[in-house]
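4 protein chains.
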Amino acid sequence: MFHFPVQIYYEDTDHSGFVYHANYLKYFERAREHAIGKDILQRFWFEDGIGFVVYEVDMHFTAGAEFGDVLDIRSSYTWESKYRLIWHQEVWHDGGGKAAVNANVHMVCIDRNRRPIPIPHILE
Amino acid sequence: MFHFPVQIYYEDTDHSGFVYHANYLKYFERAREHAIGKDILQRFWFEDGIGFVVYEVDMHFTAGAEFGDVLDIRSSYTWESKYRLIWHQEVWHDGGGKAAVNANVHMVCIDRNRRPIPIPHILE
Amino acid sequence: MFHFPVQIYYEDTDHSGFVYHANYLKYFERAREHAIGKDILQRFWFEDGIGFVVYEVDMHFTAGAEFGDVLDIRSSYTWESKYRLIWHQEVWHDGGGKAAVNANVHMVCIDRNRRPIPIPHILE
Amino acid sequence: MFHFPVQIYYEDTDHSGFVYHANYLKYFERAREHAIGKDILQRFWFEDGIGFVVYEVDMHFTAGAEFGDVLDIRSSYTWESKYRLIWHQEVWHDGGGKAAVNANVHMVCIDRNRRPIPIPHILE
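Residue numbers (the numbering used here), protein chains in the order written: chain A, 443 to 566; chain B, 443 to 566; chain C, 443 to 566; chain D, 443 to 566.
Since the hints were made in silico from the structure, they are not lab data. There could be a bad hint or two in this list.
Unchecked claim - EDC-like cross-link-like pairs, simulated, lysine to aspartate or glutamate; straight-line CA separation at most 20 angstroms:
hint, chain 1, residue 1, chain 2, residue 2
1, D, Lys540, D, Asp514
2, B, Lys480, C, Asp514
3, D, Lys468, A, Asp511
4, C, Lys480, B, Asp536
All values derive from a computational prediction rather than experimental measurement.
Whole structure, please, built from the sequences with the hints as guidance.
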């Protein structure tokens with residue numbers, strides 16, 4: 443289980459006073475990148491031409507988040523196949539009894555020609 | 443079926459050269475707002491304190507989009523209950539044989555106290 | 443003088459109820475891309491490897507914009523040199539007596555190696 | 443002088459491979475919020491109805507930033523008057539000889555009715 447903190451700034455909220463729903467996908471991606479490690483991701487991208495692509499996502503919203511909140515993004519994953527990794531990601535408020543948002547994010551790897559390749563075994 | 447065009451600008455893409463995945467949720471929301479009509483949405487929000495909230499979403503990515511593409515966002519909906527509307531939304535490339543992205547977006551309505559209320563019959 | 447309309451969606455606003463200040467730079471860029479024309483920009487980018495880069499910007503905020511507003515982005519330009527084009531861009535509300543936001547955006551052109559090149563004479 | 447680190451994710455870049463210019467305004471705002479402190483900002487906003495608004499900005503771009511870079515946002519400020527604070531903010535690469543981006547951001551404070559008020563003496 444990986445933990446990653448996200449603080450909510452003006453940019454994250456909308457006129458309802460709460461975080462704009464699409465932004466949670468950004469927080470989930472930031473958390474995945476920290477779980478994998480930026481040095482590995484940079485090497486893959488700039489040297490090997492390997493990128494990570496979101497193939498499918500489902501997301502459930504239970505509670506909102508407001509300006510100044512510091513959220514805990516919790517991430518774990520399961521291998522669906524050697525070509526597909528499913529991340530299980532949740533947003534938790536400090537002291538919250540259950541996840542405010544939870545999601546499953548299916549990730550694949552592609553080469554320079556955008557062809558799917560087996561996901562490198564970076565996470566095992 | 444509602445159609446709404448979205449042109450892809452620098453802001454929409456990421457360093458992979460394609461549209462950043464979270465941005466499709468923005469295009470879907472723009473399309474829903476045009477389907478409902480901004481005058482109705484403004485009146486609800488500013489006069490009645492009624493807002494629309496995304497409660498759940500699933501999204502499937504089949505093909506990417508690049509700088510300068512003009513996408514056709516196709517939207518229809520079904521009533522799940524009087525409290526929940528499910529939008530079926532797709533992204534089509536000009537001349538594409540199938541949707542590049544498809545999604546189901548579950549929408550609820552809330553009042554000033556963020557309590558769920560029946561969705562106004564604006565779409566019937 | 444080029445005119446380009448921008449409608450304000452949930453995504454554009456922040457918890458103050460008004461458009462988040464950084465977003466105006468996005469509207470200005472959308473307006474410039476329409477003024478130049480996407481076909482030209484696509485050809486430059488995908489065939490010639492020529493991109494446009496913002497080199498300098500100043501921006502003044504006089505009034506905000508809210509959910510549902512449709513803004514008129516007004517753009518004109520002057521040549522500073524053959525390497526630099528200055529766009530004068532303003533945001534107008536319908537019926538407004540003066541610009542809500544005004545900006546000068548300095549644009550340069552770069553080749554594949556990110557070296558500055560003379561700006562193609564697309565705008566004359 | 444306040445230092446604040448920003449890591450560059452997919453969301454920050456555009457199809458040129460570099461950070462999208464408008465995003466630097468977000469980094470500057472994050473840095474200012476950390477310099478002031480989120481507890482103070484939350485209390486102002488939620489209890490006193492006081493918000494901070496950007497009134498004017500100028501920004502200069504000297505070098506870009508890429509995926510995986512960790513930037514150092516350096517912020518200081520001067521009082522222009524009791525109503526206006528000018529932040530001097532810069533983006534530095536690790537080991538860089540000069541700022542990649544530098545900006546002056548003029549900040550004012552407004553009350554619930556969006557009338558300007560003297561800036562609280564939180565920073566002295």
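Hints versus structure:
no. : hint                  : in the structure
1   : D:Lys540 <-> D:Asp514 : holds (12 angstroms)
2   : B:Lys480 <-> C:Asp514 : holds (16 angstroms)
3   : D:Lys468 <-> A:Asp511 : holds (17 angstroms)
4   : C:Lys480 <-> B:Asp536 : holds (15 angstroms)
Against the hints set out earlier in the document, no violation occurs for any number.
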